[in-house]
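Residue numbers (the numbering used here), protein chains in the order written: chain A, 1 to 267; chain B, 1001 to 1253; chain C, 2001 to 2253; chain D, 3001 to 3294; chain E, 4001 to 4295.
Since the hints were made in silico from the structure, they are not lab data. Any given hint could turn out to be false.
Unchecked claim - Some chain B residues near chain D, calculated using beta-carbon distances under 10 Å:
#1 Gly1017
#2 Ala1021
#3 Ile1064
#4 Leu1085
#5 Cys1163
#6 Pro1239
Owing to the predicted nature of the structure, the values given are computational and were not obtained by experimental measurement. Ideal Cβ placement from N, Cα and C applies to all residues, glycine included.
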Amino acid sequence: GCTSNGEPVQEKTGENTLSGKIVIAGSTSVQPLSEELAAVFMEKYPEVAVEVQGGGSSVGVKSAVDKIADIGAASREIKESEKEFGLTEYVIAKDGIAVVVNPFNEVEDLTLEQIKKIFTGEITNWKEVGGKDQAITVVSREEGSGTRGAFVEITKVQKKDAEGKKVDKTTVNALVQPSTGAVKQTVANTPAAIGYISMGAVDDTVKPVKVEGVEATEENAKAGTYKITRPFLYLTKGDESEIVKAYIEFVLNEGQEIVKEEFISVK
Amino acid sequence: MLNNTKIMVRNLNLFYGEFQALKDINIDIKENKITALIGPSGCGKSTFLRTLNRMNDLIDHVRINGQILLDGLDIYDSQCDLITLRRNVGMVFQKPNPFPKTVYENIAYGPKIHGIKEKSTLDEIVEKSLRGAALWDEVKDRLDKPALGLSGGQQQRLCIARCLAVEPDVILMDEPTSALDPISTLKIENLLEELKKDYTIVIVTHNMQQAGRVSDETAFFLNGEIIEMNLTDSIFSKPKDKRTKDYITGRFG
Amino acid sequence: MLNNTKIMVRNLNLFYGEFQALKDINIDIKENKITALIGPSGCGKSTFLRTLNRMNDLIDHVRINGQILLDGLDIYDSQCDLITLRRNVGMVFQKPNPFPKTVYENIAYGPKIHGIKEKSTLDEIVEKSLRGAALWDEVKDRLDKPALGLSGGQQQRLCIARCLAVEPDVILMDEPTSALDPISTLKIENLLEELKKDYTIVIVTHNMQQAGRVSDETAFFLNGEIIEMNLTDSIFSKPKDKRTKDYITGRFG
Amino acid sequence: MKKYEKIIESILLICAVVATLSVFLITLFIFKEGLPILKEYGITNFLFGKTWSPTNGYYGAFPMIIGSISVTLGALIIGVPMGITCAVFLAEIAPKHIVKVFKPAIELLAGIPSVVYGFFGLSILVPFIRIHILPIVQKLNPDAYTSGYSILAGAIILAVMILPTIVNVSENAIRSVPVEYKQGSIALGASHFETITKVIIPAARSGIIASVVLGMGRAVGETMAVILITGNMPKVPGSLLDSVSTLTGTIAMEMGYATPMHQKALFATGIILFMFIMLLNITATGTMKRLGAK
Amino acid sequence: MVVNTKVHIGKIAIKKKNLNLKEKIAYLWVYFAVTLTTLILLSIIGYVLLNGVKHINIDFFIKEPKSMGRSGGIFSIIAGTIYLSIVSIAIATPIGVCAAIYLTEYAKDNKFVKLIRFGIEILAGIPSIIFGLFGFVFFVIFLKLRWSILSGGLTLALMILPTLIRATEESIKTVPQSYREGSLALGATKWETIVKVVLPSSISGILTGLILGIGRAIGETAAVMLTAGSALGLPKTIMDPARTMSVHLYLLASEGISKEKTFATASVLIVLVLLINFLANMIVNKYMKSTRTAS
Ligand SMILES: Nc1ncnc2c1ncn2[C@@H]1O[C@H](COP(=O)(O)OP(=O)(O)OP(=O)(O)O)[C@@H](O)[C@H]1O
Ligand SMILES: Nc1ncnc2c1ncn2[C@@H]1O[C@H](COP(=O)(O)OP(=O)(O)OP(=O)(O)O)[C@@H](O)[C@H]1O
Ligand SMILES: [Mg+2]
Ligand SMILES: [Mg+2]
Ligand SMILES: O=P([O-])([O-])[O-]
């Protein structure tokens, strides 16, 4: 759910008077968006430096909690276990997760069930889903990735076991790559590969497949017909400094124009 | 005993780069005799000795011309097989240089290299060689101990035994007793006496008395030349060249 | 010229670990004289010399007892300042050891250490010291060249100059000419003659003739003991102890 | 004595102590953070558990231990014979002018940052294995399959990385063999080759072993290059063409993802790595001393 | 005395023997291995440089990276690399040199000193990821230095300490004892002797150690990423995060952001290492010469 409870900063601090540094760390899916937002923001306030770095969603949570970054970025919702840290969440965008294959792969369309079976290792050959007779190279994200968390939940790769504990059933035969970019590159370079990445990161080096017949586009995601979506979050803890407030305020308002270009805006 | 010439050296010149270390050497080395090379330090004794088994080949920038005939065959001929040559012309170095292996392995090294594999044959050779070098009794109980644990004199005899084990015809010795105490020296001198029955021996020595005691013939080197060569008795009692006399009587060097 | 005692050594014993290198040494070193220490190798000459400016403190496991009084003050007293002591008792080593700096810097090193900063004063000291060591004329045009480029004899005199630059009272010299050619040696011996006007000098030498030529008094060491000490003339002409005589006449050592 | 001498000595001492203290601090930290999970989860479960799935609460480090060992072993199998051969070539066979060119080249190889090797492996080796090696293997075993991210790729790249260490240290060891040994052997009629294999290499063996151990340390410790090319699959591999994840790679990739338990598990992985390196170092110095004493 | 009885000797057949098969194979292997090594070296460097150099121009050096490095140059990354190297060297040098001086000039051979040496030896063997782990938890989080040049610098300083200490120790040990005696005999204190005579004579060894340290700092990836972060911005203060060239290369390569920039960055990195090697060799050579004239 959307829990944007941060108090909108009303009075605009005078233009160009802002100065200082903001460090944003976390999700590698949010990273490209943050970079762009930061670039525009810094143009507006030349005295401000916004430093963006990756790591993964859990790094985002952790760095916000430990206050080693001013803003943590996550590409999934906050887990129950993370709620206790008392983080302030801002949903800055929504993003679909595209299931991507190598451009040479002739498979166009997969059902959620097929995707689940591929990623849990029940289907291991492309011919079982209408492709060539070729073993599937599953590419997954590392433990703790927001994209992975959202993906396994939506595709039911993650199940509840007997005790009601959620268990990630991703096949152990998956290559693991530590960022959205790395998954994309691996899929782009490996003919039989399948992986999942932020929709905003999709380019022509990889081919997104239709899920349940629905193309992986922002419109479809926004309309809710494309099923695999998740929020992008900014996380802060405790009192925010002036510039952090200003930045978040910027992202939630003007920034949404930029969000729209590749992702789904929250306005 | 025959008085054959074993090694015949003709017009031998050797250069280290630009420096001429041997100048027109002519000498005959007799079979089953001990030939001593004497002369002041730096006169070329070691250099000459090393030409006889082509150990100088290991040094860069060495240029050699002239002839060395071993049993009538030119050892500097391109057809000459170095391995066979060095097997036939053994060498014992100034500083004892056993390998860091056991006593047994040291002696067996050469025969093994030359293709002998049976343990029993090797055992035989080891014993025979060590007896030949008068070392058997001292080391027979420690054949499997490291050779580096032997005393200096024992190490030197070990090196002689190692040399005997490949059954050479000629043994070259470069100041083999300079690192040894008098008792070890005596043992080795006695040994030489025995060995010359079967081998042709060339020995470099700084020690005039030693040359006098052990050798049959003596060559006196000076500045890369052979000044005089003769029967040892003659050269010590009535040297023909003044420089020889001066050297022998300790006037210089 | 006065015949004062500059250094008085009483009941000095020195141990390297368990080994006693100096045994109950008693000796008076006279002001403005040259005292020579002679004796066979390993007898303790260098060791004794180094006790006089406490250079032995640098060696581990050295134990010293007894007294050494310099101008009546015990240099092994805990109150004694090592720095001042070494400044007052300079040392010239057997092998010339100039620093890898320029000639000028070598000489100026000591004075700078002791707080002299003005360039002009330093210049003066450098010139005076080099003149004192009879080296000025040879190096005055190359003061800014590396000292390591000087010849052995020049280096040795440089070290003497370096020592003079801190204006010590006593100069200790450990075989200062053993690495030098005869001409350099002569220069330094002449220099000693000059220096003794202003300094008290203790010199270790292997060279009997040298001791005879330059020194006023001579002490003969043997196995860590002083066998005999006397005016140089007396000790060379009529040694009292048989061992001194044997040594001086070359019977042993 | 001037007063400040004592103070200076204490400052110097403090500096020396700082260097050592940092070791203890590092050790302390790693053990403090990592030991609890080893206790809680059980050392054997941790060391021999075959499932590494921290979000599910499985902390079996066995696949990574095997992963690290397999790429390291592979690197040694390729790198050691090559390295020792090059060392022998440099010290014994090559003429001077070749040594002058070849040696700096090897040193350069040592200086190149490991990511460059990783990048090379990723863009050349991984596709090469998939496209060219796999078909060959498939002729023998039709079921064989690889994405190219594999032990083989990791081993080859690590082999190149440890090559300079092995060459340099071994070469020094070979060069320091007394020339008397060589002469002794040659004079007995041994060929150069026999002299090298029977006398020189045995005499230099402690140095050669040291070079191997040092190289091994470097291979075990390498992180980023390995992440790029081994596929990071936390599974016990069945063949050389399988992907693996390594101890170092896992730490680097998952370090940020820290539920407290997960983070502790990574520190525990650090402990294993640490012990592994210690063991290596101790064996190395041990063998060197033992062989050196002989 | 028993003497072997050896009858005979005919003529020795000293005819040239051919290498036997085993030796032929062995030499073949040697040349194969050496050629292969050379080829590997050439192919790695050649591959990177051939693909990279053409994308390097002035802009690449002076422009800031844009959109995660996809376009623009690597100015802030070069700056970050230099900044981080300087900071780590600035931290490590005084400690390392002082520790080395203590160990060579002051330390007695007791248990305590053995412990120090043991510690330094261990430090040299610890894999870099452990330093990263430690740096992240200790400097970044515990000391609240966050991802910064300071955190990275401290971590790298620890990593290069052993190299530096060893290089310094080695070169101090080569200073002849006679220099020290000469100085002490003039009434210099120990410290004066060290500063004025010992250190100047061993300066090139220390420099070589430093350069090797810089090389290691530049080449390190994992530990730097965990401690100095990977932000692309131009670092201004020591508390700013920074991205070094190795980290940049890793991220470009792993995320396939831009082949061109990846090759270009890798090329710059290799050339830099070449330069560093060259510099180190130059110093070593100069050093050898100066000791030669000294003896
Ligand atoms: N490898 C070499 N390169 C250049 N010159 C050499 C070499 N070996 C020896 N020489 C020179 O050749 C001359 C003869 O040397 P050689 O070793 O034969 O003398 P030697 O008679 O054995 O002296 P010694 O009795 O001191 O052993 C000497 O002037 C020596 O300096
Ligand atoms: N640092 C040391 N540790 C142990 N023993 C030493 C040390 N220095 C010298 N000695 C021993 O002390 C004895 C005296 O040595 P010293 O150097 O004083 O002799 P010396 O008379 O100067 O001999 P030389 O004329 O050969 O220089 C010798 O037996 C020597 O072996
Ligand atoms: Mg000789
Ligand atoms: Mg002496
Ligand atoms: O990098 P993530 O967005 O998958 O956490």
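Hints versus structure:
A cut of 10 Å between beta carbons decides the hint on Gly1017 (chain B): the least distance to chain D is about 14 Å, and the hint is violated. Hint status for Ala1021 (chain B): violated, given a least beta-carbon distance of 18 Å to chain D, over 10 Å. Look at Ile1064 (chain B): its Cβ only gets to about 17 Å from chain D, farther than 10 Å, so that hint breaks. Proximity of Leu1085 (chain B) to chain D holds as hinted, the smallest CB-CB distance being about 8 Å (cut-off 10 Å).
Restraint check, Cys1163 (chain B) versus chain D: the minimum CB separation of about 7 Å is within 10 Å; hint holds. Below 10 Å, beta-carbon pairs count as interface contacts, and Pro1239 (chain B) has none with chain D, the closest being about 32 Å; its hint is therefore violated.
When the structure is compared with the earlier hints, violations turn up for hints 1, 2, 3 and 6 and for no others.
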